[in-house]
Amino acid sequence: MLRRFRTDRRGVAAVEFALLAPVVIVTYCGLAEVSIAMMAERRAAHTASVIGDLVAQSSSLDTTQLGDIFSVATAIMAPFPSAPLKLRVTSVTADSTGSPKVAWSQGSGIAAMTKTATVAGFPPNLLVAGDSLVQADVQYTFTSPLRYVMRNPIVFSDTFYLKPRAGGAVACATC
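Here the sequence shown stands for residues 2 to 176, where the numbers follow this note's numbering.
Simulated from the structure, these hints should not be mistaken for lab results.
Predicted model, so just to flag it, every value in this text is computed and none were measured.
Wrong hints could be hidden among the right ones.
Simulated crosslink set (DSSO-like; lysine-lysine; CA at most 30 angstroms straight-line) [unchecked claim]:
1) Lys116 - Lys87
2) Lys116 - Lys102
3) Lys164 - Lys87
4) Lys116 - Lys164
5) Lys87 - Lys102
6) Lys102 - Lys164
Produce the complete structure using the sequences and hints provided.
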């Protein structure tokens, strides 16, 4: 009787499948979650780039126009939820010593920078005295829809620096 069980190969494939299936399923779900997270990160970075570019194309703005520009972010983030998206656009001008100072700042879900404050973490030698840039910051909290492998939310953040296209600095009368 024991010899018969030793030589019987029926069901070996089922046992191998039962052992490997959980590993394959976890790997597949993990790759799916990582792919979705990468798409969300790229979409959030693209959103900040577009918002900064739209501001850099203008010579002057007001808070209503900035609100309209921030509303573009919702369309760009689709199909991902736009609620965890936080954006900030700041006009940075170098003073006479070349130190980057905030000319104006407007945020959506994130606090605006204080006017005339020195910008912390600004790349050195990016601005010369009297020069101006548009700084676009983004933060996006990604929560996996599967939550199988990535159980905790991940915060993506990025900063973009763009030269004003109309020359000089982008003005904001009501900011």
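When the hints from earlier in the document are held up against this structure, which numbers fail?
none
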